[in-house]
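Asker: Here is what each chain is made of, one letter per residue.
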Amino acid sequence: MNEAQTAATAEQPTIADFARTFRRIQAEIHKVIIGHEQAVEELLSALFAGGHVLIEGVPGTGKTTLVKTLGLALNLSFNRIQFTVDLMPADITGTRVILSGADGRREFSFQPGPIFCHILLGDEINRATPKTQSALLEAMAELQVTVSGTTYPLAPPYFVMATLNPIEMEGTYPLPEAQLDRFLFKVRLGYPGEEELVRIISSTTGPAEAGVEPVFEPAEAAQRIEALKRLVREVIVAPPIEQYAARMVRATQPANSRVLGDMHAPIQVDAVNRYVSFGASPRGALALILGAKVRAMLDGRANIAYDDIDRVAPAALDHRIMLNYAAQSDNVDAARIVEQVVKAVRATRA
Amino acid sequence: MAPGWDHVSESRRDEQKLWLILFKIKGVRSRLNFLALQHWLCSTMALLIGAVGLTFLAAATFGPLTFLGVAIFLMLAAIAGIVRETRVARAMRASGARAAAIADERSQMKGRLTTVLALAGTPKRSPLWAYLVEDTYGRRDDYEPSRIEPRWMSRAVLPLLASILLAALTLPFARFSQARRRIAPPTGAGAPGQITADIRNLDIRPADPALQPNAEIYADPETLRKLEDKLASAENSDRNSGRGLSKLLNKARDFADAFQDKLTGRNSNDRQPTRLRLTDSNPGQSAKPNRGAANPGKSPSTNGGGNGLADNSQPGASGPAQPGAAQKSQPPITSLPAQQADELAANNPAPPASGPDQAQRGADRSSDAGGAGNANVGNGSNHGSGSEPANLFGPESAQPLGSDSFKIAIEAEPSDEASSPGSPAYVPPKVRVPLNSNQYPDQPLARASVPADDENTIKRVFER
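In order, the protein sequences belong to chains A and B. Just so you know, the working numbering puts the end of the first sequence at 350, numbered straight through with nothing missing. Just so you know, the working numbering puts the end of the second sequence at 814, numbered straight through with nothing missing.
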């Protein structure tokens, strides 16, 4: 492939290109990550939809490895921040330090923090204080960092993956709702099955390590990924599908007059009214549509279908639903609520 | 061809493909709507035909009030069913978007048709629009209307056929039932002209309103005048007592009866009339209305039969039906001189047996009498002396008749035509008549010589 052809492909990829690239990245990741097919697909979907991912899983399930492998496969710059309780925002964003020049002159100069990269892994993000966690907000939402009154843009593509450890809650700080809402998907990594575990053992304890081959050349990686992301945005959404997504998000909102005023959702789900304090925000609807667009392209379609919305609903809505004490006492999790919401809304299809 | 023309022709081809996709969606919609229309028509017809068939069946089977209840229930059920089916048909009706969604679902097109239809009229289209149209067009065989909805006939045809079958079975059954009723003689219908009653012993009681007037009364003018007085008096007393629900019930019964007759084609005039010769044993004294009989539950009857009748009378019929029945069911009153009336009553021949049952009953009666084979043996209840007609009633007796009266039940209607099955049977009014000169107190018929005209007939019956 000559340079001109490469440029053309980068500028105007087709749906087939997208699906092919996606599957190739997936395959590279699965050289290292055994199992977790759905998690990997959701991770990549979030990447191409232009969102960020919150990965939740018990220790040892390959969260960090997954993110590192993704960075290697995409051939993009990759940084990792281990969040601890004493981590400061400046440790993430960077700070101005006094540097001496060649002429001996000293001046303040901005030293970028680890946030300046394409792929950022915030490991155990809930161990840092909310102040430090919120240092990521601007970067995630606006792809820029402001330090000492100066705004520094981040180079696209910018992809944040934060991991959460759900079992060691001592000394942790639950993520603020505003920050949770900025993650497009929440991906759950469970324990692997027996067969998968055997494969993990044999592939990681041997002398040879699985090598991940980058899918993109370093020079064109960012450009091509951005082109694919633009293509995703072009996927056609029919008005009934948009209404369906909106209906689904509304159905997650309980009949709470304090929040909703008189605009109660037409679809009332019992479990929502009983266990949910606050439902999904409009960002939830965007997440549904964007995730569905990626799924449609993977299926070789230029349009999204109802099933695409249903499929991405758990990952897109799970972390956006705030449960109340009744849910905790009844041991009801958000996944079950979303399941019932999807079931109720599915019945209203045209 | 110039590059510009290529673009135009390509654009036109895209439009043609889009048109074809939309045309197929339209075809799917037409099929779905045609089926919805069929469903509505067939199910509505099925409900109507079924309800009409069952109404006919009820008309042939039940009494008036039950029939009315069943008919109302059927009518309400049919209306409810039609409303429901109309709603179902409306829900089945497909708009363009719904037809596209159904086609998407049934052909695994995954929203392509819905999207194409929704955005076909949008001027600003996505760069992927051409891809979508091409992709959808390429799968056009999958959403052929005949594949999306292969049926041409709605399944609602089956209930329609079933209801037609039901109606086809019901109508002959109703006719058969009606014919059987015509053939069967009215229960207890006595031979016309043989009933004689004294007006003083005549109890005027409420008739079953379901029954049509079917009696002819012959009497001299004086007796008839007394009868009219009696009727008027009974009507007055009833007017004071009968109101409200029972009146309404009677109206309903009348209506149901008329409707039932209309449905079954039954004619009340077909029935054999009961002929009653009314006499006045005490012509000089005006006949006092028998209050006990007119309102038997309130005052004791003078003849003792009133109480029994009152006990057996139907609650629904005891009140307002009395004057109504007396007025509506007023028998054809013929004013004749006493002598002429007697002659008519005596000469009016009994109608021939209208069916095998009646003939059989006559034979049975004769055989009962003849079975004893020994006239005047026993307590006098056996009048027969074998099959010899001359001795059938035994020799004419000169034994003086007592002054006691006996009761004759005039059953104006067959008892199986009671208002409703299972309800207390209608007890016909009883009249108390004095015994004639040839009658014994405990014998319904006085011994007499067999009429010469009937000799051969009786002989033939007993020889068979």
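Source of the hints: derived by calculation from the structure; they are not laboratory data. Just so you know, not all the hints are guaranteed correct.
As the list claims (entries may be wrong) - No farther apart than 25 Å at their CA atoms in a straight line, the calculated lysine to aspartate or glutamate pairs in the DMTMM-like style are these:
1) B:K460 <-> A:E242
2) A:K229 <-> B:E484
3) B:K474 <-> A:E41
4) B:K376 <-> A:D307
5) B:K460 <-> B:D491
6) B:K460 <-> A:E209
7) B:K367 <-> A:D299
8) B:K367 <-> A:E234
9) B:K460 <-> A:D17
10) B:K460 <-> A:E194
11) B:K376 <-> A:D17
12) B:K460 <-> A:E168
13) B:K460 <-> A:E37
14) B:K460 <-> A:E234
Claimed, not checked - If you want a taste of the chain B side facing chain A, the calculated C-beta under 10 Å gives, among others:
15) E455
16) D485
17) T486
18) Y487
Glycine is no exception: its CB is placed at the ideal position from the N, C-alpha and C atoms.
Asker: Are the hints correct? Go through all of them and say.
Answerer: Tested hints:
no., hint, result
1, B:K460 <-> A:E242, "holds (15 Å)"
2, A:K229 <-> B:E484, "holds (23 Å)"
3, B:K474 <-> A:E41, "violated (32 Å)"
4, B:K376 <-> A:D307, "holds (24 Å)"
5, B:K460 <-> B:D491, "holds (15 Å)"
6, B:K460 <-> A:E209, "violated (41 Å)"
7, B:K367 <-> A:D299, "holds (22 Å)"
8, B:K367 <-> A:E234, "holds (21 Å)"
9, B:K460 <-> A:D17, "holds (20 Å)"
10, B:K460 <-> A:E194, "violated (35 Å)"
11, B:K376 <-> A:D17, "violated (34 Å)"
12, B:K460 <-> A:E168, "violated (43 Å)"
13, B:K460 <-> A:E37, "holds (23 Å)"
14, B:K460 <-> A:E234, "holds (17 Å)"
15, E455, "holds (8 Å)"
16, D485, "holds (7 Å)"
17, T486, "holds (9 Å)"
18, Y487, "violated (13 Å)"
Hint check: violations occur at hints 3, 6, 10, 11, 12, 18; the rest are consistent with the structure.
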